[in-house]
Amino acid sequence: MTSSDDRLAQAVSLGEQLRALRKRVDLTGDALAAGQGWPQSKVSKIENGKQLPTEEDIRLWAAVCGADSEMTGQLLALAREAQHSYESWRVQMRSGQGAIQRRYNEMTRKAALIRDIETGCIPGMLQTAEYIRARMTENAWLHREDLSLTPEQVAETHRLDIEAGTAERLKRQHLLYEPGRRFEFLATEASLRFLLCPPQAMLGQLDRLLAIIDGMPNVTLGIVPFDVFLPYTPPEGFLLLDKVAIVETVAGETFYRGEDAGPYLRAWDLLAAEARFGAEAREIVLRSIRALRVAHPQ
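Residue numbers for the sequence shown follow our numbering, beginning at 29 and rising by one.
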């Protein structure tokens with residue numbers, strides 16, 4: 029897997045090779061698109077690295093242009109490598125959590141449909157400031173370079189970084205109120221129960237979810253309850269920005285595009301079908317609030 033910069037370079041390189049192949053047989057882009065039933069702009073986007081072709085696209089392109097099996101195989105290999113990229117948290121944390129969150133802000137701003145499912149925590153764009161701060165502190169501790177530091181020392185030495193990450197994630201929430209985008213969130217009931225911040229802060233977080241459920245026209249929040257049969261067991265949460273899947277693990281994040289993103293799109297549909305929305309989702313959140321108050325009375 030490659031970094032996102034490498035992936036972009038590979039997409040451009042792939043496009044250049046496909047353009048050269050087309051020109052070798054004196055075929056115009058319009059003629060190629062028309063022959064395959066593609067939109068007129070598709071050939072231009074692929075050749076300029078703006079759109080990654082599917083494997084089927086490449087096979088058709090190669091066949092029309094008379095490429096041999098060796099060249100076709102090379103083009104397919106390059107496309108597969110460009111379809112996904114890996115970013116290490118260890119490397120990214122050196123630039124700071126504020127920089128990481130700003131990158132997500134920009135990616136989200138460019139998307140029309142944003143879908144986020146979390147299995148162990150509240151979706152990031154729905155988190156309160158206190159909840160975010162707890163997550164940023166957790167990240168700083170997990171990825172600290174000086175392993176001798178205690179959690180308290182990390183919280184102090186990384187205070188500015190934690191606050192920068194918190195502020196940038198909160199900025200992303202402004203997009204929830206802008207027209208032109210659709211937001212869909214899924215969370216498991218377990219993610220409502222895990223205490224990832226102080227009890228009072230968690231109560232505030234759950235109250236925030238009630239407000240989301242009750243009244244944002246371009247935002248939906250579904251809760252997958254404990255007692256449903258799951259046709260698919262999600263090993264981790266993932267984010268879908270249009271048709272790009274972003275999967276965060278302990279060590280880093282991986283971007284999947286094209287056919288490689290397909291399993292995540294299908295997984296979303298399976299889990300969304302089992303989620304509860306509206307009044308049913310509200311009752312699950314209220315149930316979690318009641319359980320938290322019993323476990324941690326004031």
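Read the hints as simulated data drawn from the structure, not as lab findings.
Heads up, a few of these hints could be off.
Said to hold, decoys possible - The list that follows gives simulated cross-link-like pairs (lysine-lysine, DSBU-like), each with its CA atoms no further than 30 Å apart: (1) Lys138 - Lys70; (2) Lys271 - Lys138; (3) Lys138 - Lys78; (4) Lys78 - Lys51; (5) Lys70 - Lys199; (6) Lys73 - Lys271; (7) Lys138 - Lys73; (8) Lys199 - Lys138; (9) Lys199 - Lys271; (10) Lys51 - Lys199; (11) Lys70 - Lys51; (12) Lys73 - Lys51; (13) Lys70 - Lys271.
What the hints assert, rightly or not - Here are the computed distance ranges between Cβ atoms for each label pair: (14) Ala62 - Arg118: 46 to 52 Å; (15) Ser41 - Leu258: 37 to 43 Å; (16) Asp58 - Ala307: 51 to 57 Å; (17) Arg315 - Arg131: 35 to 41 Å; (18) Asp242 - Ser41: 29 to 35 Å; (19) Gly306 - Arg47: 48 to 54 Å; (20) Arg210 - Arg47: 50 to 56 Å; (21) Ala127 - Glu311: 20 to 26 Å; (22) Arg87 - Glu180: 55 to 61 Å; (23) Leu238 - Glu180: 20 to 26 Å.
Just so it is clear, CB atoms sit at the ideal spot from N, CA and C, and this is done for glycine as well.
Going through the earlier hints one by one, which of them does the structure break, listed in rising order? Those not satisfied are hints 5, 10, 18, 20, 21, 23.
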